[in-house]
Amino acid sequence: MDRHLVSSDLATSVAEIVSDLKHLEGPLLPILHAVQDAFGHIPNEAVPMIATGLNLSRAEVHGVVTFYHDYRNHPAGRHVLKLCRAEACQAMGGDRLGDRAKSRLGIDFHQTTADGAITLEPVFCLGLCSTAPAAMLDGAVHGRLDAHGLDTLLAEVGA
Amino acid sequence: MLLVPETDFGTPASHAEKLVTLTIDGREITVPEGTSIMRASMEAGIQVPKLCATDMVDAFGSCRLCLIEIDGRNGTPASCTTPVAPGIVVHTQTARLKDIRKGVMELYISDHPLDCLTCAANGDCELQDMAGAVGLRDVRYGYKGDNHVKARDSEGTNARWMPKDESNPYFTYDPSKCIVCSRCVRACEEVQGTFALTIEGRGFDSRVSPGQHEDFLSSECVSCGACVQACPTATLTEKSVISIGQPEHSVVTTCAYCGVGCSFKAEMRGEELVRMVPWKDGQANRGHSCVKGRFAYGYSTHKERILNPMIREKVTDPWREVSWDEALAHTAAEFRRIQYQYGRESIGGITSSRCTNEETYLVQKLIRAGFGNNNVDTCARVCHSPTGYGLGQAFGTSAGTQNFDSVEKSDVVIVIGANPTDGHPVFGSRLKKRLRQGAKLIVIDPRRIDLVRSPHVEAAYHLPLRPGTNVAVVTALAHVIVTEGLFDEAFIRTRCDWSEFEDWAGFVSDERHSPEATEALTGVPPEALRGAARLFATGGNGSIYYGLGVTEHSQGSTTVMAIANLAMATGNIGRPGVGVNPLRGQNNVQGSCDMGSFPHELPGYRHVSDDATRDIFEKLWGVTLSDEPGLRIPNMLDAAVDGSFKGLYIQGEDILQSDPDTKHVAAGLGAMECVVVQDLFLNETANYAHVFLPGSTFLEKDGTFTNAERRINRVRKVMTPRNGFADWEVTQNLARAMGLPWTYTHPSQVMDEIAATTPSFAKVSYAYLEEKGSVQWPCNEKAPEGSPIMHVDGFVRGKGKFIRTEYVATDEKTGPRFPLLLTTGRILSQYNVGAQTRRTENVVWHEEDRLEIHPHDAELRGIRDGDWVRLASRSGDTTLRALITDRVATGVVYTTFHHPTTQANVITTDFSDWATNCPEYKVTAVQISPSNGPSEWQTEYEDQARQSRRIAAKLEAAE
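Residue numbers (our numbering), protein chains in the order written: chain X, 1 to 159; chain H, 1 to 959.
Fair warning: there could be bad hints in the mix.
[Claimed, not checked] Going by beta-carbon spacing under 8 Å, a handful of chain X positions derived as facing chain H:
1) 23
2) 39
3) 44
4) 47
5) 59
6) 78
7) 139
8) 141
9) 142
Hints in this document: simulated from the structure, not taken from any laboratory.
Don't be surprised by glycine CBs; every beta carbon is placed ideally from N, CA and C.
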């Protein structure tokens with residue numbers, strides 16, 4: 001029998017996603033995005049299903065999932081704040097912003113607040129160097145952040 | 001003696017015909033177009049430093065150590081990924097390159113432990129060598145900060161550090177030593193084709209990961225060891241090297257498992273085997289191996305191995321250890337007594353497909369010259385005898401037509417009744433490599449074998465036929481090819497007999513052979529069958545590989561002929577990339593057949609009734625030979641039950657476990673008065689033996705094995721036989737005890753005798769094999785270099801023969817009492833009856849035989865996964881645990897036969913091939929029911945075996 005016993009819901013959804021997208025050229029990344037969209041993360045149990053669907057090995061899919069920091073193997077908080085840690089943003093005070101966010105939220109990078117409200121993540125370049133320091137909250141980018149701007153963003157998501 | 005030198009050229013060879021001349025470090029060199037600068041340098045004798053390159057896998061360009069400079073070009077390109085170009089001038093050592101390389105090495109070493117003295121790879125470490133080569137003297141970065149090396153750092157545990165993975169029984173993975181060159185990952189993908197490994201993470205987080213960050217044993221890893229061989233450090237290391245140390249000499253020899261016949265370097269420390277490493281110059285395996293050949297040699301020193309001869313009066317007595325002289329004198333006296341009492345034909349022998357050509361030759365010589373009859377047979381009776389008959393009829397010789405390299409040129413491959421990734425793993429890997437390059441695959445098998453769909457390989461067509469209907473399916477393929485006009489008329493007109501073709505074409509064109517008409521019998525959807533036929537006929541070079549799923553049927557010989565018809569009709573004979581290729585089960589089953597192991601054939605497949613052939617041997621041996629064919633194994637057993645056959649000399653074969661209808665075999669053996677078993681272990685047959693002669697392993701003898709591609713490979717002795725004698729010496733001593741004047745002092749003399757008497761071996765000698773590495777027979781005046789491909793200009797028999805292949809259903813039919821069909825096969829980690837592999841760590845992968853059953857059939861019977869079930873046929877019953885899977889179709893169940901407690905052959909019937917008596921292992925009508933333990937037969941058998949294996953304690957000298 002299958003070595004990974006999985007809930008049939010997960011199996012059904014992943015199977016649907018795979019069959020919808022497998023005709024694409026280079027279908028793995030779109031499938032992983034779709035799975036992450038559907039479940040908020042890429043469950044380990046989904047990896048063998050995707051592998052079987054695309055006739056890849058589990059290891060290959062695992063290699064791709066772990067290569068991209070955007071794919072997560074456990075659920076994030078309700079909101080995700082990504083602070084840019086690349087050179088331009090660092091030069092424009094990104095480090096101070098990072099420290100402020102950590103202390104306001106009481107968590108370190110890659111962690112989620114105890115109430116599950118927000119996950120803080122570092123990101124390496126949002127392509128907004130000209131408006132550094134930059135951040136991304138739930139997919140929306142924000143530039144020229146300062147302490148006040150950061151507090152406003154955090155207030156928006158209730159932290 | 002030294003280690004056999006092997007040069008790593010860094011990147012694979014180019015096979016381009018166009019040559020390119022360039023200058024490297026002032027030396028002019030000419031190489032095929034497409035060669036890397038790294039390889040060209042190595043061929044010129046200049047070693048460019050490298051870490052991520054090795055010639056078993058494609059260039060990758062990640063380690064940045066192999067940089068070079070080219071006059072007139074910018075930068076410092078990697079020599080592994082830069083191809084040669086005409087007239088370029090390359091420098092491999094400049095001040096700039098030296099600086100870069102030293103800097104790169106410094107970074108590598110800054111995240112690598114400095115425990116060289118106590119490291120298992122000490123003396124065999126490419127990282128160490130490269131540090132030396134680039135002149136690394138200092139690591140300025142220190143060892144503080146982020147690293148993968150230390151389990152603990154000043155701030156507590158180091159989250160980056162990973163412990164050693166010791167889950168695989170044969171090798172360890174120590175991530176702290178890994179330089180992430182990804183050679184293991186690429187070897188797993190490109191060489192083995194399993195894709196079990198990956199690099200997880202990115203940047204400094206990158207680590208080698210089996211499966212999804214699992215240990216090796218729970219990943220998809222098949223333990224072929226290609227990764228271990230590719231690893232330049234101690235990260236992946238054989239446990240044997242860790243416990244023993246580095247080898248000091250090595251000897252090239254040939255694997256004793258399957259018919260692929262892989263060449264290995266046995267790497268030794270004194271007489272202790274440190275490891276087996278596949279030899280890159282081995283032409284069957286090209287440097288690859290499977291888990292059995294590389295790792296499963298522990299049986300040779302297993303505690304159950306019998307090292308002293310033993311005799312007993314009755315099989316119910318305990319064994320008594322005796323001297324070699326006593327054992328052989330007793331055997332000779334018994335055989336002579338039996339012949340005096342019951343007649344010359346009352347004894348016989350069985351040669352071994354696991355022993356060398358020379359040993360097999362001597363056993364049949366003992367029987368023909370010493371026993372004075374032709375009562376010799378071999379295990380090929382139960383596997384590929386239909387191949388011998390079928391291909392002999394169609395082409396004029398029984399052997400496979402190609403070498404293994406041929407698959408690299410195939411465009412469409414039919415695999416029928418074979419499971420190469422389990423049964424012939426190294427060929428399986430070579431086939432998968434070709435399939436990944438784009439060749440198309442057609443699988444004809446009742447079971448969904450791995451080749452049907454596994455990472456990066458997918459069969460274009462899988463025809464899941466009902467067991468026993470091979471002839472109908474292959475004839476239907478021919479029907480499509482002929483009726484749709486897809487046959488190769490030019491080939492047939494020049495190479496075959498046109499009138500025979502017309503007769504055959506008329507026969508197969510009959511509507512009753514159409515896919516639509518045969519679907520009811522075969523269960524194969526007609527559209528898929530038509531598609532497969534069209535693909536094979538029109539897809540380019542078409543090759544057919546088949547195994548025991550073809551031969552072990554009541555119509556085994558007919559299917560072989562049908563396959564031959566298909567190859568001839570499509571013009572797929574006589575050049576690389578095509579052909580009819582039986583995948584031989586045992587390492588030397590081809591050789592044992594060549595050596596005259598059949599009761600009707602002298603060496604070289606010449607009939608015993610042929611006066612000229614007999615004359616050759618009679619003159620040489622100084623005896624008169626019988627011109628009457630002797631008894632086949634089943635006939636011997638029948639005659640024993642009837643009371644006319646009383647003595648049997650069995651070298652290296654376990655007929656009780658491997659032959660059909662176990663109860664009948666037991667009855668036959670039980671009726672004999674002197675059964676002599678020569679083997680490594682007290683095998684199942686030895687339970688009925690009166691004399692046990694300890695055998696020797698392939699590591700303990702000189703000789704030759706002939707693999708499935710007719711390749712004669714040397715077996716070389718690397719250690720003294722623990723039992724005192726190589727098997728050929730035992731046979732010789734028995735012959736002398738029976739009064740034969742044999743005086744061989746080395747197996748090479750036996751080969752000389754074979755060459756002198758057998759035309760297809762005429763030019764073979766140990767000196768010639770030493771020179772050539774190996775040759776494929778026929779090797780004689782006409783083909784002095786041997787024959788990689790057969791039937792190139794014409795068939796051995798002249799014109800290829802088309803033979804009508806009428807499907808006749810087997811008498812073994814399902815019915816209300818036995819509604820399911822049982823078919824049998826092998827699994828990767830175990831070999832045949834398991835006498836060897838069960839005595840190695842390979843049992844971690846397969847500790848028992850399981851019955852594969854479709855979920856639907858299981859549910860009908862209330863069987864859950866892992867339940868004990870009773871498997872019953874008209875012949876008998878046994879119990880084993882169920883494995884529920886949709887790899888088998890409904891109505892079909894499948895099991896392996898590696899474990900004697902299962903005794904799958906209690907179930908199989910005594911139906912057999914109409915031409916050769918090859919038993920019908922692959923089809924048995926059975927019923928399955930829930931069970932709660934071993935069957936009565938299994939319990940009785942266990943008791944009998946335990947009783948029979950007792951060895952009397954040695955008598956101590958009286959005080």
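Comparing the hints with the structure gives:
no.	hint	verdict
1	23	violated (15 Å)
2	39	violated (16 Å)
3	44	holds (6 Å)
4	47	holds (6 Å)
5	59	holds (4 Å)
6	78	violated (27 Å)
7	139	violated (22 Å)
8	141	violated (23 Å)
9	142	violated (26 Å)
This entry does not satisfy hints 1, 2, 6, 7, 8 and 9, going by the numbered hints stated previously.
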